[in-house]
Structure formats: structure tokens, C-alpha cells
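2 protein chains.
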Amino acid sequence: MDDVKVFLRYVFQTKNNLTIAVQTSGNGGNETILTNLLDPGDKLVVAVGGTWGEKVVDMAERHNLDTLVLRKGLGEIYTLEELEAAITQHKANMLFVTHGESTGGTLQVLEGVGDMCHKHNCLLAVDAIVSIASDPLFVDRKRMLGKKTPTPYYFDVKRLAVYWGCTEENRTFHYTFSSNMLAAVREALAQVCEEGLLTMWERHKKNARLFWKKLDEIGMECFVEKIENRFNGVTGVKIPKGTDQMEFLHFLKTKYAIDITPGHGPTLGKAMRVGLMGQNSRPEVVEYLIEALKDGLKHFGHTL
Amino acid sequence: MDDVKVFLRYVFQTKNNLTIAVQTSGNGGNETILTNLLDPGDKLVVAVGGTWGEKVVDMAERHNLDTLVLRKGLGEIYTLEELEAAITQHKANMLFVTHGESTGGTLQVLEGVGDMCHKHNCLLAVDAIVSIASDPLFVDRKRMLGKKTPTPYYFDVKRLAVYWGCTEENRTFHYTFSSNMLAAVREALAQVCEEGLLTMWERHKKNARLFWKKLDEIGMECFVEKIENRFNGVTGVKIPKGTDQMEFLHFLKTKYAIDITPGHGPTLGKAMRVGLMGQNSRPEVVEYLIEALKDGLKHFGHTL
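Heads up: the sequence lines are chains A and B, in that order. First residue of the first sequence: 1, per the numbering used here; consecutive thereafter. First residue of the second sequence: 1, per the numbering used here; consecutive thereafter.
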């Protein structure tokens with residue numbers, strides 16, 4: 001657990017001693033944020049970018065938060081001015097944004113958002129579950145709001161902080177971690193630390209751009225039109241017209257052992273979501289994938 | 001996921017189609033029960049048997065339940081009459097018991113408890129995290145209470161049931177499971193199914209009794225005095241007088257690669273908690289452990 005804390009601080013670029021893993025999914029991570037930092041009735045702005053933001057809206061209702069929901073066209077991101085207008089209008093205690101939104105493949109620009117929130121005494125919560133280590137992210141927390149009502153037991157960060165040895169108190173047990181999950185997390189973090197964030201970001205950027213260029217060459221289109229709104233980890237790719245998405249993905253899986261997830265929510269039936277992250281962000285993987293996509297296009301009767 | 005459901009139904013001896021795994025710890029499982037079946041103000045009886053029950057009392061407070069807490073001497077379990085008196089007095093909506101309580105090593109007898117609860121229109125919730133497959137347990141649920149207030153997102157069993165394909169609805173995503181955790185759960189369940197519950201229960205019983213007999217021969221004592229209150233998975237063993245628990249456990253770990261957890265909560269400093277479960281419930285493991293304990297006793301100046 002102690003290694004994991006050190007590795008996490010590097011990956012999140014933070015000096016905050018309270019940097020821990022909660023044993024849960026990304027959604028559970030978001031629910032941990034809401035239930036540890038906000039009381040029922042507190043004011044939240046959710047800048048929805050796709051399915052993940054919608055799930056946070058769902059959570060916010062369950063926890064009786066007073067929520068202002070921002071929604072935009074798919075493939076679009078929010079400007080600093082739009083976010084600032086929303087939090088001042090709503091007098092928000094917290095702004096929630098998704099950094100890399102894998103529904104369509106957008107990257108919410110965070111430049112200046114932290115300082116802007118700080119100015120308005122508003123917490124900034126960021127879901128970076130798919131963008132961490134593929135696109136730059138710099139975290140540092142200024143303070144933690146007092147919370148009056150109890151959190152659910154499992155997600156209680158105060159207790160978790162004691163268990164993870166982030167406080168002056170003696171470590172006491174909170175819940176049992178899965179040893180194989182913890183080992184997997186540790187190893188993944190160790191690999192990021194070994195490669196270095198600058199190298200990783202550059203590698204992901206280079207290979208994402210290579211992929212987008214080659215997609216263009218074979219006549220396929222990215223779901224997110226503006227390059228500056230795309231992120232390096234997951235690219236939404238439009239389904240070729242007249243082709244059934246599931247049949248197309250099935251072809252790639254059975255003939256090429258390439259497993260691509262279909263769109264979901266607003267991208268259902270419109271885009272497939274191609275993840276080129278971690279070990280998959282390599283030029284030879286891009287080449288292999290492009291060959292497979294070309295063969296798929298031919299197979300389903302498209303001319304190249 | 002489909003295999004896991006079938007295996008789970010066998011292990012829990014239930015025909016209930018809604019038999020799923022939640023990706024969480026045992027504590028998280030208990031919180032899932034409370035938050036899915038009870039509303040704030042609902043009446044709960046917790047029959048505490050050690051640390052795990054106390055944690056449920058903590059959860060119940062966080063979720064504003066009206067809780068009656070039963071506590072007994074360590075090593076003791078509850079009679080059917082005591083449980084019935086409590087739920088009728090409290091007009092309880094739910095009774096919570098821990099089956100195998102690893103704090104001291106007790107097994108709560110469940111014979112007749114289900115029928116008794118049913119008679120009083122009270123749900124029975126059982127934590128069997130350490131006793132499942134080592135001691136007999138027969139589950140079948142008669143009905144599910146209506147719940148008015150929303151559950152936390154992550155623990156929402158209704159949504160999970162859809163994701164696990166337990167309903168007529170099309171499967172929709174709820175949260176991402178860890179693939180290695182799911183694979184580990186599937187493999188563990190497959191091993192239980194392959195061996196068979198009757199064989200497993202008998203094996204655990206035989207090896208637990210062998211261990212207790214040999215403990216007696218080397219002059220060590222079980223923490224739970226009455227044999228009928230002990231369970232087959234975890235045995236609390238009293239620390240030899242005048243010996244520091246942590247030093248004793250460190251000796252076993254470094255010289256014999258045997259990792260025994262110390263007591264916690266009410267057994268802290270009083271008993272070590274020896275788990276002989278699954279692959280460790282074998283006569284040769286018992287023999288090896290007894291030799292190590294004997295050497296430990298000698299090392300710390302005890303006469304055998």
C-alpha cells in the first residue's frame with residue numbers, strides 16, 4: 001500500500017499525502033467524491049460530456065444534492081467562461097467534470113479551471129479514469145470541505161486515510177483489499193513511473209495522431225470532429241454507413257482478436273470506442289488495427 | 001459472469017435467480033444489504049458476535065436506521081429464543097447475524113432462524129464471508145421488501161441485477177468489473193463446485209477438529225471454549241501467557257512462512273486468528289502448523 005501511495009502521487013502530480021486508491025470502479029470513485037465532500041442540499045454543477053457525467057447526475061439525485069446540469073452537443077467541450085458562469089449562477093460548492101470522456105472521445109481542457117474554482121470557493125472534482133497517464137493532468141488540492149452528515153461506510157475516506165497510513169493515527173483496518181487487485185494496481189503504477197509521465201504523454205499523443213491520420217487515409221471518420229477536443233486514450237470512430245456496428249466489431253474480434261467496445265448512451269450505434277492506451281499505444285498496434293479496419297470495410301462491401 | 005451466477009447458486013444452495021457478486025469487500029456486501037433493503041428509520045436488530053457485527057452497527061448509524069444491538073460475551077452465540085425475543089420486542093424489519101465470526105472464531109447456529117424470521121415478517125441478513133463453503137449454509141429468499149429511498153449508485157442491486165442478466169430486461173452496463181477479480185472469483189467458485197459442498201464441509205470439519213486436538217496436546221487453548229460454538233474456517237487461539245503476540249506471529253512468519261493474523265477489536269492481544277480454509281484445510285498443513293507452534297513455544301521459553 002505504501003508504494004501505491006508514492007506512485008499515485010507521481011501519476012497525479014500531487015504532493016498531497018492523502019492520495020489513495022479506493023477499491024471500486026470509476027463510478028464508485030465518483031460516488032466516493034460526492035459522499036465524502038458534500039452534504040444533502042449542497043450545490044453541484046455537473047458538466048456532462050457523455051455517459052459518465054450522466055451517471056454522476058444520477059448519483060447526485062440519490063444523495064439529494066442540488067444539481068445544475070450542463071449539457072452540450074456530443075464532441076464538444078466546455079470553455080472556462082461557461083464553467084465559471086455556471087458555478088457563479090448556481091453558487092456551487094463543487095464543479096464536476098470528466099477529463100477524458102470515453103463515450104465519444106473528448107478531452108475536457110482543464111487549464112485554469114482549478115484556479116477559477118478556487119477563486120469562487122468551489123471544489124473541483126475530476127473523473128480522469130481513462131485519461132490518467134495518457135493525457136497531462138496536474139492535481140493539487142487546497143483544502144477539504146467540512147461535511148456534516150455521515151458518509152456510507154465503504155466509501156469513508158477519513159477511515160480509509162487511517163488505513164492507508166495518511167494520518168498521524170495508528171493504522172486501523174477499514175475493509176479488506178483484494179490482494180490480487182492491489183498487486184495489479186501497484187504493477188500498473190510502477191510501469192507508469194518507470195516510463196515517466198512526459199514520455200507516456202508524448203507516446204500516447206504520437207500514436208493517437210498516427211491513428212487519426214491513417215483513419216483518414218482509409219476514409220473513416222473520427223466521431224469528435226475538432227482535433228483539439230479529442231483525447232489520446234480513446235477515439236470514437238464513426239461506424240461506416242449501412243454497416244451494423246455489432247457485426248463489424250464481431251468481425252474484428254473473431255478474425256483479428258481485436259476487441260473494440262461499441263458506443264454507449266449517446267454514441268450507441270453511432271461510434272465504436274477504440275482504446276489505444278498503455279501497452280496498446282504503439283505504432284505496430286496502430287498499423288495492425290488499420291489493416292484490420294481496412295479488411296472490415298472490404299468485408300462489409302465498402303470501397304476504399 | 002453467467003458461470004459465476006450458476007456457481008454461486010450452488011455454493012449458497014439457492015434457486016434464486018438474483019444471485020450475484022458485488023465488487024466490494026465483505027463490509028461493502030453488508031452495506032449493500034442495508035442500503036438496498038432498508039429505508040432510514042427502518043428497524044434493524046444486529047446480533048453482534050465480534051468486529052464484523054460492530055461494523056454493521058456503525059453502518060446502520062450512518063444510514064439512520066433504528067437499531068437494536070445485541071451483545072454477548074466473546075465466544076458465545078445467540079439462541080433462537082434470544083433472537084426471536086429481540087425482533088418481536090423491536091418489531092424489526094431485519095435481523096442481521098454473522099455466520100462465521102472470525103474475530104474470535106464462533107459459528108452462529110442458523111437452524112430455524114430463517115423460518116422464525118419469516119413468521120415475524122422480518123428479513124434475515126447473514127454475513128457468511130468467512131464461513132461460506134467451510135460450514136453448511138442454506139439460503140433461500142422468500143420476498144424482497146419494497147424500498148422507498150434511493151440506494152447509493154454503486155451498491156444498487158436493481159441495476160446490478162440488470163447488468164448480471166437476472167431480469168427480463170436487456171443487459172445494461174452498471175459499473176466496470178475488474179477482470180482479474182472476476183476471473184479469480186469464478187475460479188474459486190469452480191473449485192468449490194468441483195469438490196462439492198458435502199466433501200468440503202466434511203474436509204473442513206475434520207481438519208479443524210484435528211487442529212483443535214493437536215493444539216490441546218501441545219498445551220495451547222482455543223479462544224472459544226465450547227466446541228459447539230466454534231466454526232471450521234477460523235480458530236481463535238489464545239496467546240501463550242507472557243508472550244508478545246506480534247513477536248510470536250513474526251517468528252512464525254519469518255521461520256515458517258506461516259502468516260497468521262492477530263486478534264482485532266475485542267480479541268486484540270488475546271488471540272491469534274488461524275485460518276485453515278480452502279487449500280489450507282489439509283492434514284499436512286495442520287501438522288506443519290503444529291510443529292511451527294511447538295517451535296514457537298520453545299523459542300519463547302514455554303515448556304511443552
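Accuracy of the hints is not assured; some may be wrong.
Identical copies go unnamed one by one, so any copy, or any two together, can satisfy a pair.
Mimicking DSS-like on lysine-lysine, the simulated pairs with C-alpha atoms at most 30 Å apart in a straight line are [said to hold, decoys possible]:
(1) Lys91 x Lys253
(2) Lys158 x Lys270
(3) Lys5 x Lys253
(4) Lys158 x Lys91
(5) Lys294 x Lys15
(6) Lys15 x Lys298
(7) Lys255 x Lys294
(8) Lys147 x Lys43
(9) Lys43 x Lys255
(10) Lys158 x Lys147
(11) Lys147 x Lys91
(12) Lys213 x Lys241
(13) Lys214 x Lys158
(14) Lys148 x Lys158
(15) Lys15 x Lys226
Read the hints as simulated data drawn from the structure, not as lab findings. As the structure is a computational prediction, the values presented were derived from the model and not from experiment.
Note to self: Of all the hints numbered above, which does this structure not satisfy? Sort the numbers upward.
What the structure shows: Hints 1, 5, 6, 9, 13 and 15 contradicted; others consistent.
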